[in-house]
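J.: This is what each chain is made of:
Number of protein chains: 2
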Amino acid sequence: MKPENNRPLILVTNDDGIHAPGLKTLIDMARKLGDVIAIAPDEGRSGMSHAITIKYPLRIKRLREEEGLEFWSCSGTPADCVKIAVNQLLEKKPDLLLSGINHGSNSSISVVYSGTMAAAVEGGLHAIPSVGLSITDYSSRPDFSGCILYGEEIIRKTLVDGLPAGVCLNVNFPRIPADKIRGIKICRQARGLWIEEFDKRTDPHKRDYFWLTGYFENYEPDDEDTDEWALKNDYVSVVPVRIDFSDRDAMLKLRSAYAKAGT
Amino acid sequence: MKPENNRPLILVTNDDGIHAPGLKTLIDMARKLGDVIAIAPDEGRSGMSHAITIKYPLRIKRLREEEGLEFWSCSGTPADCVKIAVNQLLEKKPDLLLSGINHGSNSSISVVYSGTMAAAVEGGLHAIPSVGLSITDYSSRPDFSGCILYGEEIIRKTLVDGLPAGVCLNVNFPRIPADKIRGIKICRQARGLWIEEFDKRTDPHKRDYFWLTGYFENYEPDDEDTDEWALKNDYVSVVPVRIDFSDRDAMLKLRSAYAKAGT
Numbered sequence: 001m002k003p004e005n006n007r008p009l010i011l012v013t014n015d016d017g018i019h020a021p022g023l024k025t026l027i028d029m030a031r032k033l034g035d036v037i038a039i040a041p042d043e044g045r046s047g048m049s050h051a052i053t054i055k056y057p058l059r060i061k062r063l064r065e066e067e068g069l070e071f072w073s074c075s076g077t078p079a080d081c082v083k084i085a086v087n088q089l090l091e092k093k094p095d096l097l098l099s100g101i102n103h104g105s106n107s108s109i110s111v112v113y114s115g116t117m118a119a120a121v122e123g124g125l126h127a128i129p130s131v132g133l134s135i136t137d138y139s140s141r142p143d144f145s146g147c148i149l150y151g152e153e154i155i156r157k158t159l160v161d162g163l164p165a166g167v168c169l170n171v172n173f174p175r176i177p178a179d180k181i182r183g184i185k186i187c188r189q190a191r192g193l194w195i196e197e198f199d200k201r202t203d204p205h206k207r208d209y210f211w212l213t214g215y216f217e218n219y220e221p222d223d224e225d226t227d228e229w230a231l232k233n234d235y236v237s238v239v240p241v242r243i244d245f246s247d248r249d250a251m252l253k254l255r256s257a258y259a260k261a262g263t
Numbered sequence: 001m002k003p004e005n006n007r008p009l010i011l012v013t014n015d016d017g018i019h020a021p022g023l024k025t026l027i028d029m030a031r032k033l034g035d036v037i038a039i040a041p042d043e044g045r046s047g048m049s050h051a052i053t054i055k056y057p058l059r060i061k062r063l064r065e066e067e068g069l070e071f072w073s074c075s076g077t078p079a080d081c082v083k084i085a086v087n088q089l090l091e092k093k094p095d096l097l098l099s100g101i102n103h104g105s106n107s108s109i110s111v112v113y114s115g116t117m118a119a120a121v122e123g124g125l126h127a128i129p130s131v132g133l134s135i136t137d138y139s140s141r142p143d144f145s146g147c148i149l150y151g152e153e154i155i156r157k158t159l160v161d162g163l164p165a166g167v168c169l170n171v172n173f174p175r176i177p178a179d180k181i182r183g184i185k186i187c188r189q190a191r192g193l194w195i196e197e198f199d200k201r202t203d204p205h206k207r208d209y210f211w212l213t214g215y216f217e218n219y220e221p222d223d224e225d226t227d228e229w230a231l232k233n234d235y236v237s238v239v240p241v242r243i244d245f246s247d248r249d250a251m252l253k254l255r256s257a258y259a260k261a262g263t
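From first to last, the protein sequence lines are chains A and B.
Read left to right, the first sequence gives residues 1 to 263 (this note's numbering).
Read left to right, the second sequence gives residues 1 to 263 (this note's numbering).
These are calculated hints, taken from the structure and not from any lab test.
Among the hints, a few may not be true.
To be verified - Mimicking DSS-like on lysine-lysine, the simulated pairs with C-alpha atoms at most 25 Å apart in a straight line are:
| hint | chain 1 | residue 1 | chain 2 | residue 2 |
| --- | --- | --- | --- | --- |
| 1 | B | K206 | A | K200 |
| 2 | B | K200 | A | K55 |
| 3 | A | K32 | A | K157 |
| 4 | A | K55 | B | K55 |
| 5 | B | K61 | A | K232 |
| 6 | A | K92 | A | K157 |
| 7 | A | K92 | A | K61 |
| 8 | A | K157 | B | K253 |
| 9 | A | K253 | A | K180 |
| 10 | A | K180 | A | K157 |
| 11 | B | K260 | A | K32 |
| 12 | B | K93 | B | K32 |
| 13 | A | K61 | B | K253 |
| 14 | B | K93 | A | K200 |
| 15 | B | K157 | A | K253 |
| 16 | A | K253 | B | K232 |
| 17 | B | K24 | B | K253 |
| 18 | B | K61 | A | K206 |
| 19 | B | K200 | A | K93 |
| 20 | A | K206 | B | K55 |
| 21 | B | K55 | A | K24 |
| 22 | B | K157 | A | K260 |
| 23 | A | K157 | B | K260 |
| 24 | A | K260 | B | K180 |
| 25 | A | K200 | B | K180 |
| 26 | B | K92 | B | K200 |
| 27 | B | K206 | A | K55 |
| 28 | A | K180 | B | K32 |
| 29 | A | K61 | B | K206 |
| 30 | B | K200 | A | K92 |
| 31 | A | K55 | B | K24 |
| 32 | B | K61 | A | K200 |
| 33 | A | K24 | A | K61 |
To be verified - So the derived list for chain A, only partly shown, Cβ under 10 Å to chain B, looks like this:
| hint | residue |
| --- | --- |
| 34 | S49 |
| 35 | V111 |
| 36 | K200 |
| 37 | W229 |
| 38 | Y258 |
Backbone N, C-alpha and C fix where the C-beta goes; we use that ideal spot for every residue, glycine too.
Please put together the full structure from these sequences, using the hints given.
T.: In structure tokens form, the structure reads like this:
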């Protein structure tokens, strides 16, 4: 897309694929604020995390082009979408990357598995202010009114102010209408774990197979600075996610331990 | 595997798959220190990051069983391997998780894309002391002598001391024999980026496709506390990787910015 005006250029992607209502909603939100190039997986790619496609080639297809919008599909993952957009579709670095709106929560530890958030991290790596947005509602037709009202505030603020260095945002919306939402909370991710419960079955050829399933266990349900607490208490949660995973405190501890061992 | 003795129980996995020489080397290293249960993808799963398999069921197959070793293949990703091992194969939590030895570096920002390191992060989420190991050599028959010498030291230390809370280790070995290695450095991940260079081709049906390729650009080649510097200077790099991605400093900055805006 050629930048032909002074409107911000906004790259939009997701992991639920080109047909997801959450993507359409996010594109509509973004178009109010700038020119949009959207590129999304040609089918759902949930749980793909930051996977990239190495073994197979990627294909992309222009689905729509109109004033202020180009819309592409991509055969790869959300991270692939960002990479190929930056490298092949955009003539300048976008002013903002938006990923979502994901159908289902990406709060707490789900950030690790999320393709939505991987796209935002990939944007952050490319020094693009990047925001992943998710609603804690797995239905295909959730009530997006809260996403629209509060999401636009967050997006507008990010466009104007940028983000602190080295982070992208993980925004989750509670499953309630806009007028029930109490506001925005800046949070940390709650400590927790997906407790796996593999569903073991036997196929017609008498061979076992397993469906990955499970439930989320929140290790700190009473901690008011966590995203889980915010969402349960009708707030929009905003977690700044580091794109550098090194732990400085642990480095000091390990250096001391390895020095003692004489290595 | 039933724990029938007091030897440590070590879970081993990788992302290069069951046939990778790096996996065999790591299993041999682990068997010196404990009983081993190994489970690895049935084929290579590089670049899968923390992807999990939701759309399809998983299959596992016992390939070998002998004293002190069970060896399984799994149809899923490295993260799936850890989940199904913990849930279906192990009667107690293992004392250690080892992932690798990956054929190719996972230093700097490659940690984001790495299936090897995702398995270590998944272990960390399950509160298992977890270490991912990689050699900066993409060949199928690298010289593992340095991995064996220094890797065993790191593994032994992790078994005895555990790890600081909330981290796993990202260990990378330079591509030189053991006697050329100068020691172990505790590092942070270098800031850098994979610069994409999509290789655009046209298929026999006149449709374009793209191979993802690229080169790594190190943004801070002279910083001696980074993993890239350590590896280039013949050290083994050890980066403690956080399993909680929240950025505390950015939380404070954003809270102040949003408070000013009156939200």
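J.: Run every hint past the structure and note whether it holds.
T.: Hint-by-hint comparison with the structure:
1. B/K206 with A/K200: violated, 45 Å
2. B/K200 with A/K55: holds, 15 Å
3. A/K32 with A/K157: holds, 14 Å
4. A/K55 with B/K55: holds, 20 Å
5. B/K61 with A/K232: violated, 41 Å
6. A/K92 with A/K157: The hint holds at about 21 Å.
7. A/K92 with A/K61: holds, 20 Å
8. A/K157 with B/K253: It holds: about 13 Å lies between the C-alpha atoms, which stays within 25 Å.
9. A/K253 with A/K180: Given pair A/K253, A/K180 is violated - Cα atoms ~46 Å apart, limit 25 Å.
10. A/K180 with A/K157: Given pair A/K180, A/K157 holds - Cα atoms ~22 Å apart, limit 25 Å.
11. B/K260 with A/K32: holds, 24 Å
12. B/K93 with B/K32: holds, 19 Å
13. A/K61 with B/K253: The given pair, whose Cα atoms are some 40 Å apart, is violated under the 25 Å limit.
14. B/K93 with A/K200: holds, 21 Å
15. B/K157 with A/K253: holds, 13 Å
16. A/K253 with B/K232: Holds, at about 24 Å.
17. B/K24 with B/K253: Violated, because 47 Å separates the two Cα atoms, which is more than 25 Å.
18. B/K61 with A/K206: holds, 14 Å
19. B/K200 with A/K93: Holds, because 21 Å separates the two Cα atoms, which is no more than 25 Å.
20. A/K206 with B/K55: holds, 21 Å
21. B/K55 with A/K24: Given that 25 Å is the threshold and the Cα spacing comes to 23 Å, the pair holds.
22. B/K157 with A/K260: Holds - the C-alpha atoms of A/K260 and B/K157 are around 12 Å apart, at most 25 Å.
23. A/K157 with B/K260: holds, 12 Å
24. A/K260 with B/K180: Holds - the C-alpha atoms of B/K180 and A/K260 are around 23 Å apart, at most 25 Å.
25. A/K200 with B/K180: violated, 49 Å
26. B/K92 with B/K200: Given pair B/K92, B/K200 is violated - Cα atoms ~50 Å apart, limit 25 Å.
27. B/K206 with A/K55: Since the Cα atoms of B/K206 and A/K55 sit roughly 21 Å apart, the hinted pair holds (cutoff 25 Å).
28. A/K180 with B/K32: violated, 60 Å
29. A/K61 with B/K206: holds, 14 Å
30. B/K200 with A/K92: It holds: about 20 Å lies between the C-alpha atoms, which stays within 25 Å.
31. A/K55 with B/K24: holds, 23 Å
32. B/K61 with A/K200: It holds: about 14 Å lies between the C-alpha atoms, which stays within 25 Å.
33. A/K24 with A/K61: With Cα atoms ~17 Å apart, A/K24 and A/K61 stay inside 25 Å; holds.
34. S49: holds, 4 Å
35. V111: With Cβ-Cβ at 6 Å, under 10 Å, it holds.
36. K200: holds, 8 Å
37. W229: Violated. Min distance 13 Å.
38. Y258: Cβ of A/Y258 sits 6 Å from chain B, so the hint holds.
The structure does not agree with the numbered hints 1, 5, 9, 13, 17, 25, 26, 28, 37 stated previously, though it agrees with the rest.
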